[in-house]
Amino acid sequence: MKSSTCSARYCCAPAKNSMRWSRPSPHWRRARPARRPLHRLPLPKRRPPTMSLALVHSRARVGVHAPEVRVEVHLSGGLPSTQMVGLPEAAVRESRERVRAALLCAQFEFPARRITINLAPADLPKEGGRFDLPIALGILAASGQIDRQALADYEFLGELALTGELRGIDGVLPAALAAAQAGRRLIVPLANGAEAAIAGHVEAFTARTLLEVCATLNGSQKAPAAELAVQALGARALPDMADVRGQPHARRALEIAAAGGHHLLLVGSPGCGKTLLASRLPGLLPEASEAEALETAAITSISGRGLNLARWRQRPYRAPHHTASAVALVGGGTHPRPGEISLAHNGVLFLDELPEWQRQTLEVLREPLESGLVTISRAARSVDFPARFQLVAAMNPCPCGWAGDGSGRCRCSSDSIRRYRSRISGPLLDRIDLHVEVPRLPPQALRSGNLGEDSASVRCRVVTARQRQLARGALPNAQLDQPDTDRHCRLQHDDQVLLERAIEHLQLSARSMHRILRVARTIADLDDSADIATRHLTEAIGYRKLDRALSAASAA
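Counting from 1, position 555 in the sequence shown corresponds to residue 555 in UniProt numbering; the numbering is continuous, with no gaps.
Incorrect hints may have been included.
Restraint ranges, calculated between C-beta atoms of paired labels, are given here [claimed, not checked]:
hint: 1; residue 1: Gly183; residue 2: Ser81; range: 33 to 43 Å
hint: 2; residue 1: Glu290; residue 2: Glu453; range: 21 to 31 Å
hint: 3; residue 1: Cys460; residue 2: Pro121; range: 48 to 58 Å
hint: 4; residue 1: Asp484; residue 2: Ala90; range: 41 to 51 Å
hint: 5; residue 1: Glu504; residue 2: Thr323; range: 36 to 46 Å
hint: 6; residue 1: Asp484; residue 2: Ala242; range: 33 to 43 Å
Calculated directly from the structure, the hints in this document are not laboratory data. A virtual CB, placed ideally from N, CA and C, is assigned to each residue, including glycine.
With these hints in hand, go ahead and build the complete structure from the sequences.
What follows is the structure, given as structure tokens:
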């Protein structure tokens with residue numbers, strides 16, 4: 001029996017007494033309801049909006065400044081993910097995994113939602129792990145696990161370990177000073193508590209873990225205030241001038257340099273005491289003001305070398321080796337860091353064996369010696385570091401070091417001596433106010449028990465001279481510009497003629513002339529004289545030793 005083939009779209013019931021399928025009934029399908037127009041369809045009911053945005057305040061690090069960074073955290077629906085925007089560096093992007101592990105280890109819930117983290121402003125580069133703590137708090141506040149209103153009065157800094165422990169960071173002191181100006185409190189890791197306490201005008205608190213920070217925000221626990229340890233307040237004794245035997249001319253030049261903030265060059269044979277004299281200069285300088293000490297400590301804080309809390313009020317003394325590169329001297333790097341001249345800000349920078357330094361390295365000192373500021377430029381940005389230091393340099397008179405020693409050991413020719421001294425360029429030499437010869441002392445002078453004047457007595461005269469300078473203006477004599485130099489360094493007619501003859505004879509530049517006038521003004525201040533006398537000007541001209549030597553060599 002031949003059966004018909006089923007051509008229906010759907011399967012049909014088999015025919016009676018047959019295993020084959022028959023054609024379905026035309027009434028088998030249900031009539032489809034008529035479609036309603038789209039504009040008549042009822043809209044779905046919207047859920048009331050839930051607040052899933054949190055704002056946390058933090059600080060970035062740009063030079064010695066700490067600009068504000070707003071950490072914005074938003075939670076939304078979608079596949080669980082974490083996106084970070086706002087120009088973060090690699091270390092900041094890696095904080096996503098650190099924050100997630102820290103929240104889970106601290107028994108918090110990590111929201112299984114789409115998390116967007118914005119570090120504003122977007123054009124400011126962010127680096128380091130300093131944003132771990134504010135990011136974690138932003139996630140907790142956006143997910144409702146802590147009160148977001150409690151975050152408004154605080155700023156947060158700190159790197160998170162996977163266990164939720166807070167680790168110390170660099171550059172806390174500039175952030176503490178900026179938080180004080182903004183009128184907010186600051187919470188930092190326990191390792192940075194003493195550094196934050198140096199700021200003095202900020203309410204700084206410390207915490208060991210993320211749980212302690214959350215307990216402080218919820219009010220269940222009070223965070224300990226950042227304090228500077230009492231034993232850290234003691235200052236280390238500085239080297240004393242009484243240890244220097246003889247050398248009255250060099251001691252006098254050191255006193256003048258300390259009184260006016262002048263740069264100093266010591267020329268002498270090996271072992272005559274140049275390094276010993278240079279190390280005594282910090283003990284002659286007036287004590288740093290609180291603003292100067294904070295500015296210097298802020299530079300040390302961002303350098304990553306650690307801040308010595310026992311000596312942060314003392315003026316720095318830096319003595320880099322002559323093999324140091326230009327980057328080590330002025331600063332640099334992918335993320336610019338301060339160099340030796342910035343670490344010596346408001347203090348003393350000692351460069352021994354000056355002709356042995358690379359010529360290119362020494363030339364970068366020209367602009368900082370004049371402006372007190374160094375600018376490090378990169379493709380994306382430039383950073384300014386303060387570099388108002390007092391330069392003390394030392395050198396031998398010739399390649400062998402024994403020229404003019406009197407022992408007859410020097411075998412250097414005049415050409416080799418000229419080439420040796422020409423390693424120091426004229427523009428750099430112009431910027432050094434005092435050129436002093438340090439002679440070799442006889443053995444009986446070294447064995448003598450007569451001690452020289454101590455640093456405390458010399459410092460009293462230096463402080464008095466500085467007070468006279470500050471009464472005329474806000475700067476020491478070495479930092480006077482040309483209008484102030486013309487106003488405060490006036491000469492009598494005979495002294496003006498003497499200066500013009502010296503300039504013509506020594507072939508001095510206009511910069512050297514102004515520096516002679518400033519040195520003469522400092523000598524008059526030490527002499528408690530309102531006007532510059534002839535003896536003051538004559539002594540100031542006598543401190544241009546290398547200018548006299550170069551003039552004699554050119555005449556020969």
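Comparing the hints with the structure gives:
{"no.": "1", "hint": "Gly183 <-> Ser81: 33 to 43 Å", "verdict": "holds (36 Å)"}
{"no.": "2", "hint": "Glu290 <-> Glu453: 21 to 31 Å", "verdict": "holds (29 Å)"}
{"no.": "3", "hint": "Cys460 <-> Pro121: 48 to 58 Å", "verdict": "holds (51 Å)"}
{"no.": "4", "hint": "Asp484 <-> Ala90: 41 to 51 Å", "verdict": "holds (49 Å)"}
{"no.": "5", "hint": "Glu504 <-> Thr323: 36 to 46 Å", "verdict": "holds (40 Å)"}
{"no.": "6", "hint": "Asp484 <-> Ala242: 33 to 43 Å", "verdict": "holds (36 Å)"}
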